[in-house]
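Based on these hints, arrange chain B on the given structure of chain A.
Just so you know, the protein sequences line up as chains A and B, in that order.
Quick note: the first sequence uses my numbering, first residue 6, plus one each step.
Quick note: the second sequence uses my numbering, first residue 63, plus one each step.
Just so you know, these hints were derived from the structure itself, not from any lab.
For each residue, glycine too, the CB sits at the ideal point set by N, CA and C.
Check each hint, because a few of them may be wrong.
Covered, in the sense of this in silico footprint (three residues per stretch, anywhere, with C-beta under 8 Å from a C-beta of chain B), are these stretches of chain A [stated by the list, open to error]:
no., segment
1, 198-210
2, 238-249
Computed cross-link-like contacts, DSBU-like style, restricted to lysine-lysine with a CA-CA straight-line distance of at most 30 Å [what the hints assert, rightly or not]:
no., chain 1, residue 1, chain 2, residue 2
3, B, K120, A, K80
4, B, K395, A, K80
5, B, K409, B, K171
6, B, K120, B, K171
7, A, K46, B, K121
8, B, K498, A, K46
9, B, K365, B, K237
10, B, K498, B, K171
11, B, K121, A, K80
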Amino acid sequence: MRRLGTAVILRSALTTFALGLAGVLYGFPLYWLFVTSLKSKGELFASTVHLIPHNPTFAAYSSVLIDRGFWVLLKNSVVVCVSTVLVTLVVGLVITYPLTRLPVPARLRVGVLNWALSLRFLPPIAVVIPYFAIVRTVQIYDQPIALIGIYSLFNLPFAIWMLKGFLTEIPLELEDAARVDGATRWIAFWRVLLPLAAPGVMAAAIIIFTFAWSEFLFALILTATPNAQTFPVGVQGLVTQFEIIWNDMAAAGVIAMALPLVLMVIGRRYIVAGLTFGVIREK
Amino acid sequence: MQPITRREFVKRTAVAGAMLTSIPAILEACSGSSPTTSNKPSKLTIAAVQGAEDGPLKKVAPMYQSQSGITMEIVEFPYDQLFEKLVTTFQANGSSYDLCMMDDPWMPKFGTMGALQPLDSNFGFTRDSDIPSIVYDVGTWPPPHGPVPPSEQGKSQHLYGITIVGNVEMFMYRKDLATTPPTSWDDVLANAQKFNKANFYGYVIRGKATNPASSDSLPILWSFGGDIFDTSWKVKLDSTESIDAITFLTQTLKKYAEPGAANIDAADRDRLIAIGQAFQSTTWPAEVTGVVEAQGVSQVVGKMGYIPIPKGPGGKGLGMMGNWLLGIPKGSKNGSAAADFIKWLIKTENMKTYVQNGGIPTRTSLLNDPTLGQNNPYFPALAQSLAAQPNWRPRTDQWNAVETIYGTAVNQAVAGLKTPKDALTGAATQIRTAMKQAGYPS
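The following block holds chain A by itself, in its conformation from the complex (with noise of 0.2 Å):
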């Protein structure tokens, strides 16, 4: 009875060491990151490291939006997510539900869903010169739009194959019984099968902002100026030919990192809903 005791005391010990030498090693980039982004620059220079700021000051936040401007590529990384979740959840919306709920040749279906996973295969470094070379044509080098437009281009194989689980999941059964009660289709659609698949939309919503959000090579090669510029292009000068402006790189990580995180924790109930929605039964 002991020796089982000791075992279980000891598995317990183990587990905890384990979950928490997990934790530090997740959690202490983090929080180096953090506290890095209140030190001032002099002591960054100190010939030793401190694991607590000596003096904590929000100077490199005020330093990376206002003085640097970083307030306007946050602002542009926002609008462009925004519109990248609003297009890709539209059309991938267009392409599923015929997919699912419509008797499409068993063909065509197969065909539309290998050219998304194929498109989710391609490399973006294999389309940036050719798509620079389109948007240069036609004129909205350094626009939102054009960053819109890829992003949406690139998450809409995931949004496909996300929602087409979802909207599989969701028996026929439902929207008919909301057409014999007189519902258009666009009304079932509306009403009926758009509530159901919330939580898997939201889900994908939450992800394809994610991607987009963190996405570099793009938003690099077509923008130009703060027109168009995102958040991620104006962090990457932060490292300057004669110098590494490590606080403002750190403060500029957290605020990049927060909204994501706090969609996150907010839409976390979605995501895990989403996310496993559809594991099951594959039709």
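Showing chain B alone in chain A's frame:
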């Protein structure tokens, strides 16, 4: 509500989707601004390098804005990306920027591309006797002296850029420890031996591959009589003088340098100097103002001495120019307003304000102004360096490729991966091939 057919439903959904997807485009079209073509634009956009070089520009630009009523927008990029952005913009003859900051080695590329508007013939710029002639020469294309690229020979010279950051590479040392400044590289070596101890390095090598290693080693290469090209574009990087110079840096001096020198860039060098862990190194003015002499940051404020590059065995010390110029892209629709801004900026009184905000001047009167010198202890050394006609990097549009090859070779020698002789011989062969392909004599 009337039921609709499936076909009608799909059609309506598609229309609704198309309308929604068009919203950002419509909003963008409504808010997008077309290039201003009037004489006085509402805004001038400057593409600038992020860091100490454009900091003072950002501080004085609002003054011009309040005087002229023209909004000044400064778009910052890191060093490498600024070059790429400018090349891309110039190739497309884009009008994104009305002014651009350019490192002086970029001038051959932009000059050859015909990417800039001539400041002399188009906007009436003339030379000012208070500004050293080398500063105007570096903004002139084709170059007024030294070898001219084959494709550029016979073209008429024009001024395409005006220096706003009078960078010349100098030398810094701990004057509180050494009684006299080093005058030669032998003195540098002797001081490195004398002051090197545990956790205090006798010399700091900026040995990171490509541009950093190239910038750090070229003054030594030149001071030893070596070079990358001779006056007729023949590669002489594998000459005895060149190999001796790189051997001195990567073997003799390296014994007293910081560990991991092959990965050290300017930021790391400045940190070592600023926390009092190193005795001496080459330096750029921006490093001095940004870190080494920055109050509240550096522990060696007032303890550093600044001198021109020490002399080599031949008795000459050759500093390297790293001027940052302002030019007007050919695609800019606001050339006149942009030129007015440059003229405003280089006026003595405005440049003085610019210097008081951390700027690096080109005017001799400001470099020798004792009141400005109090806060900028490197000004006398910079004035001497400019007056001594510092070297510029070879004026070829192939410089980026050449610098990559050369800077990689020096890095390999610093890292000990190759002997200096092997590294330079290999680099010379690669450069010969690249230059031959570009139409230069091999």
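* To do: Quick one: which hint numbers does this structure break? Sort them smallest to largest.
  => Of the numbered hints given earlier, those the structure breaks are 1, 8, listed in rising order.
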